[in-house]
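Novice: Chains as they are written, first to last, in the working numbering: chain B, 1 to 93; chain W, 1 to 967.
Hints are computed from structural coordinates only; laboratory data are not their basis. Be aware that one or more of the hints could be misleading.
Claimed, not checked - Straight-line Cα separation of at most 25 Å, BS3-like style, residue types lysine-lysine; simulated pairs:
| id | chain 1 | residue 1 | chain 2 | residue 2 |
| --- | --- | --- | --- | --- |
| 1 | B | K60 | W | K576 |
| 2 | W | K830 | W | K631 |
| 3 | W | K647 | B | K60 |
| 4 | W | K830 | W | K960 |
| 5 | W | K595 | W | K585 |
| 6 | W | K846 | W | K857 |
| 7 | B | K60 | W | K585 |
| 8 | W | K413 | B | K50 |
| 9 | W | K586 | B | K60 |
| 10 | B | K50 | W | K558 |
| 11 | W | K413 | B | K3 |
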Amino acid sequence: MLKIDCPWCGSRNEDEFSNGGESHLVRPEPPSSVTEDEWANYLFYPTNTKGPFKETWFHKYGCRQWFNVTRNTATHEILNVYRIGENPPEENS
Amino acid sequence: MAGYRLEKGGLVGRNETVNFTFNGRPYVGFKGDTLASALVANGVSVFGRSFKYHRSRGLFSRGAADPNTLMQIGIGAQTSPNIPATQVPVTDGLVANSINAWPSVEFDIGEINDVFKRVLIAGFYYKSLMWPKWGLFEPIIRRAAGMGKAPKEPDSASYEIGNLQCDVLVIGAGLAGLHAAQAAAGAGADVIIMESDTVAGGTSLWSIGANANEDVREQVKRLVNEVHSSPNIRMLCSTTVVSYHDDNYLVAIDRNCDAIAVGERLIHARAGSVVVAQGAVERPFIFENNDRPGVIAADAFSELIRRYGVAFGKKIVIFTNGGRADDAIAAAREAGIEIVAIVDSSDGAGSDAGNDNRLMGHVIKRAMGRKRVRGVEVVPTDGQGSIKLACDTVVVAAGASAQLQLFTQSGGKLSYDEDSASFLPVSSMQNVRVCGASNGTNTPTSAVSDGRWAGLDAAASVGFGDKPSVPDLTRALEKPLWFVHQSSSKTSFVDMQGDVTVSDLALALRENFRSIEHIKRYTTLGMGVEQGKISGLAAIGVISELSGKSPGDVGTLKHRPPYSPVSLGALSAGQKGGALLAPIKKLPAHKWHEKQGAVFEDHGWMRPTYYSMSGETMHGAAAREAVAVRKNVGLFDGTPLGKFEIKGPDAAKFLNYIYAGRMDTLKVGRIRYGLMLNENGSLFDDGVVVCLSKDHFLINASSGHADAVYDWLEAWHQLEWPLDLVIQDCTAEWAVATVAGPKAREVLAALNPGFDVSAESFPHMSYRAGHISGVPARVQRVSFSGEICYEINVSADYGEWIMHHVQEAGKLFGLVPYGIEALEILRAEKGYIHVGTDTDSNTQPKDIGFPYPSKTKESDFIGRRSLMRPASHSPNRQQLVGIATADPDTVLEVGAHIVTGNPAQSIGFITSSYMSPNLGCSIALALMNGGKAATGASVDVWSLGKTVSGTVCDPVFFDKERGLLNG
Chain B
1 MLKIDCPWCG SRNEDEFSNG GESHLVRPEP PSSVTEDEWA NYLFYPTNTK
51 GPFKETWFHK YGCRQWFNVT RNTATHEILN VYRIGENPPE ENS
Chain W
1 MAGYRLEKGG LVGRNETVNF TFNGRPYVGF KGDTLASALV ANGVSVFGRS
51 FKYHRSRGLF SRGAADPNTL MQIGIGAQTS PNIPATQVPV TDGLVANSIN
101 AWPSVEFDIG EINDVFKRVL IAGFYYKSLM WPKWGLFEPI IRRAAGMGKA
151 PKEPDSASYE IGNLQCDVLV IGAGLAGLHA AQAAAGAGAD VIIMESDTVA
201 GGTSLWSIGA NANEDVREQV KRLVNEVHSS PNIRMLCSTT VVSYHDDNYL
251 VAIDRNCDAI AVGERLIHAR AGSVVVAQGA VERPFIFENN DRPGVIAADA
301 FSELIRRYGV AFGKKIVIFT NGGRADDAIA AAREAGIEIV AIVDSSDGAG
351 SDAGNDNRLM GHVIKRAMGR KRVRGVEVVP TDGQGSIKLA CDTVVVAAGA
401 SAQLQLFTQS GGKLSYDEDS ASFLPVSSMQ NVRVCGASNG TNTPTSAVSD
451 GRWAGLDAAA SVGFGDKPSV PDLTRALEKP LWFVHQSSSK TSFVDMQGDV
501 TVSDLALALR ENFRSIEHIK RYTTLGMGVE QGKISGLAAI GVISELSGKS
551 PGDVGTLKHR PPYSPVSLGA LSAGQKGGAL LAPIKKLPAH KWHEKQGAVF
601 EDHGWMRPTY YSMSGETMHG AAAREAVAVR KNVGLFDGTP LGKFEIKGPD
651 AAKFLNYIYA GRMDTLKVGR IRYGLMLNEN GSLFDDGVVV CLSKDHFLIN
701 ASSGHADAVY DWLEAWHQLE WPLDLVIQDC TAEWAVATVA GPKAREVLAA
751 LNPGFDVSAE SFPHMSYRAG HISGVPARVQ RVSFSGEICY EINVSADYGE
801 WIMHHVQEAG KLFGLVPYGI EALEILRAEK GYIHVGTDTD SNTQPKDIGF
851 PYPSKTKESD FIGRRSLMRP ASHSPNRQQL VGIATADPDT VLEVGAHIVT
901 GNPAQSIGFI TSSYMSPNLG CSIALALMNG GKAATGASVD VWSLGKTVSG
951 TVCDPVFFDK ERGLLNG
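Construct the entire structure; sequences and hints are all you get.
Specialist: What follows is the structure, encoded as structure tokens:
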């Protein structure tokens with residue numbers, strides 16, 4: 001039962017949220033210029049990181065906002081939380 | 001001989017007697033006794049029968065670790081199986097029964113299994129009882145397996161749920177844990193300490209340590225009182241932490257609620273930091289017949305004397321490997337119990353066991369006796385010779401197993417320490433540390449230092465006080481005797497609960513199971529209620545010797561929650577049962593539906609499947625309703641339809657991304673059918689879009705899919721296209737009265753909505769807003785039945801009123817309410833699909849007759865790129881078709897396969913199937929490989945051994961020209 005700090009609502013239990021998978025994915029476009037390999041890569045080959053991993057979470061039973069989380073997939077430790085469109089905190093100068 | 005009550009001593013209330021029954025016989029105990037201690041005091045030796053071999057078993061260990069004394073507690077609705085007698089406090093009127101024995105525990109027919117041990121070895125169900133067929137033996141084996149009986153009546157107890165938070169959570173209120181709690185509280189932290197036993201104090205309640213220091217017990221008594229009265233420590237006894245989760249979230253069961261009529265309390269706790277102080281338990285010595293009643297662990301033996309005032313036997317032999325048994329020896333002397341001999345497997349160097357007539361360098365080869373030990377055979381560790389000693393009790397002091405299950409659940413890692421012959425914590429993954437005997441300490445002084453350090457460290461880690469330095473701790477130096485080699489391995493029990501012997505482990509190794517996890521599953525080692533608390537380290541030692549690997553290389557078993565059994569009742573705490581197990585959503589017009597004779601089913605909302613008139617069956621009612629809709633007019637409750645308003649300058653642009661078709665060309669007041677795809681190009685949802693104004697649209701999503709569509713829209717808006725618009729879910733805010741049939745227009749006219757309802761002014765697929773009797777109404781002319789149809793949307797507050805009002809207006813025209821089943825028939829007659837019923841996760845728009853992307857739409861949409869893949873153009877794709885049966889009265893099974901060839905191959909399946917009352921024949925929709933090109937072909941449809949002939953046809957069975965819709 002992770003403790004997740006929603007950027008708007010504060011610290012809440014994991015069961016208020018749903019997980020959206022890897023973050024910062026770039027959707028290839030326009031369709032006519034995307035090769036089969038690029039499209040397959042986007043659809044079917046997620047990064048399977050062991051360690052700090054950037055993913056999205058959705059506060060489904062709260063404010064219903066999506067946000068980013070850096071979580072260590074081996075230890076489950078949540079390192080930071082930041083909004084969609086922001087840079088991860090450690091990359092800010 | 002057997003156990004008896006000592007005349008004095010112990011902490012039980014000798015003035016307060018308690019009456020209980022065991023196996024139907026009445027017994028008396030004292031307040032403070034457990035069922036186990038009271039039975040021993042009354043001379044009971046055989047508590048139960050073992051799982052597989054039905055060997056007599058008696059008390060061996062204490063607390064949650066005892067493998068032999070599982071009982072059926074209570075009768076009737078509150079009966080509970082498989083509770084260790086060591087954890088049942090005796091109360092007046094308690095009813096306890098042995099399990100796994102018939103007709104009685106004294107004379108159990110199941111003991112015949114002990115004779116057939118050869119056939120019942122580890123993995124026997126893969127090897128024996130194979131001829132002629134395992135299926136003949138399986139029912140017998142299944143009936144024989146399992147322990148205890150489940151109650152047959154509903155549970156009358158109620159359960160509470162509690163949510164707790166604290167800065168520091170201490171698990172275990174023994175010497176180390178109490179000091180940890182005190183130290184943390186002293187630093188300013190808010191502390192909760194949870195203790196599984198009924199009282200705090202831990203081992204110190206009966207053990208006075210290696211140096212016979214009476215002061216330790218007095219100290220602990222004072223300490224317990226101090227902790228009880230400390231303002232920032234909450235102490236919960238009878239509370240077992242059962243699981244350890246992420247971010248220091250722990251679940252515990254409190255079995256001693258103060259509130260009346262509450263059975264147990266389920267506790268969810270979030271701690272800033274955790275201290276594990278769960279202590280250690282004595283593990284068994286492994287020799288021939290070490291499982292006989294009368295063999296008891298040294299800690300349980302001492303606890304019986306000093307805590308319960310009970311002697312386990314009259315003539316005891318003590319089996320040890322060095323200085324471990326000193327506490328038990330002292331306790332036996334205090335109680336005046338005769339010590340026949342002390343058998344010490346060690347060579348004596350370095351031990352201070354000088355003056356008590358030990359047999360050094362000897363081991364017990366076997367115990368004699370069946371229902372109670374009557375003697376032992378002792379042999380030297382090296383060399384020949386054998387001595388037989390008469391006794392009724394064997395006290396074993398083989399070594400301690402640190403209890404680290406919760407620590408490993410938290411992600412903590414262990415490492416094998418050669419000096420102390422135990423696995424000890426070496427690194428934590430979360431904010432948790434271990435102290436006391438579970439950290440390998442073996443003196444009260446070390447436990448105190450370790451506990452204080454842990455408490456201060458835990459408090460400092462969450463901002464209270466300074467981080468303390470790690471103390472010097474003493475640990476026992478052990479020379480473990482993992483098993484007695486001279487004994488017969490077939491009856492040297494490693495896991496008494498699973499009847500797993502040394503020979504079973506040797507068999508597993510011979511059959512090349514190398515990993516301890518495989519050995520566990522092959523032999524069922526550690527899979528009982530005891531979950532390896534005493535059998536785990538014992539088994540690792542045996543495997544280590546048999547395989548030649550060090551215990552560190554053998555490794556430990558992975559511990560999973562729960563630490564000890566949890567009642568299902570406790571897990572249900574906080575939830576209502578019965579009709580309220582899941583939330584029920586009722587339509588605003590629920591009462592009106594009831595008055596019409598609705599038969600409801602849960603479709604997410606409670607919805608009328610049909611309306612029953614004078615005992616109609618579903619098929620009869622649905623047919624009647626479907627005919628009535630096409631003949632005159634029907635009324636349906638469409639409230640659960642998903643409704644989402646998209647408003648903003650970029651609304652149309654956003655909808656163009658969401659839908660496969662173009663929505664930016666939709667004119668104000670017009671409605672368009674749309675398909676939503678996922679990125680894989682497969683159908684996600686279908687529905688209509690209404691243009692309310694240039695920057696304001698209303699999406700209708702499938703009723704059963706509304707929540708998923710809402711999440712979908714929000715996700716794409718927030719994560720991919722943060723365009724200038726807002727998304728508002730108004731599904732539950734509008735009630736929908738759907739009026740369908742050739743006379744629907746007349747009914748709408750009679751409602752006087754304030755706009756022109758003529759065919760020219762209000763064509764199919766358009767929208768009007770008005771008022772009905774002053775109530776604002778949005779009217780969509782869309783159809784799922786293929787008839788003229790108006791969906792009248794009013795505020796949900798008027799939901800009941802609108803159904804009544806429309807029914808009144810429709811009386812003149814023969815209006816009839818119709819339910820879900822009739823609607824299904826009508827839409828299937830028109831070949832209208834349900835996404836997820838007539839489509840699967842592969843179905844793409846072209847498969848159901850929509851050749852997207854259209855030439856007019858150049859912009860990107862979700863799924864567009866996937867539709868460009870070669871597989872999307874394959875002629876053999878599964879496509880939507882209709883199937884007409886050769887015999888019009890035969891209705892196909894949904895899920896039946898369309899088959900071809902010999903042997904038959906499936907080339908498709910039936911997705912929807914009904915008897916059509918309007919056409920007088922059966923109709924079906926199907927997905928079929930290359931179905932479109934096969935139109936007209938004969939097919940065989942197979943289900944459950946029966947084959948039906950049919951023809952592939954147009955999925956639209958009724959009104960193919962769509963003339964009615966535009967009327």
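Novice: For every hint, state whether the structure bears it out.
Specialist: Here is how each hint holds up against the structure:
Pair hint K60 (chain B) plus K576 (chain W) holds up; C-alpha atoms about 23 Å apart against a cutoff of 25 Å. Only pairs whose Cα atoms come within 25 Å are accepted, and K830 (chain W) paired with K631 (chain W) is accepted, the gap being roughly 16 Å. Only pairs whose Cα atoms come within 25 Å are accepted, and K647 (chain W) paired with K60 (chain B) is accepted, the gap being roughly 22 Å. Note on K830 (chain W) and K960 (chain W): the hinted pairing holds, with a Cα-Cα distance of about 8 Å set against a maximum of 25 Å.
Note on K595 (chain W) and K585 (chain W): the hinted pairing holds, with a Cα-Cα distance of about 18 Å set against a maximum of 25 Å. With a CA separation close to 15 Å, the supplied pair K846 (chain W) and K857 (chain W) stays within the 25 Å bound. Restraint check for K60 (chain B) and K585 (chain W): the C-alpha separation of about 19 Å stays at or below 25 Å, so the hint holds. A C-alpha spacing of about 18 Å is found between K413 (chain W) and K50 (chain B), which places the hinted pair at or below 25 Å, so the restraint holds.
For the hint linking K586 (chain W) to K60 (chain B), the alpha-carbon distance of about 23 Å falls within 25 Å, and the restraint holds. For the hint linking K50 (chain B) to K558 (chain W), the alpha-carbon distance of about 20 Å falls within 25 Å, and the restraint holds. With a CA separation close to 22 Å, the supplied pair K413 (chain W) and K3 (chain B) stays within the 25 Å bound.
Every hint from the earlier list agrees with this structure, and none is contradicted.
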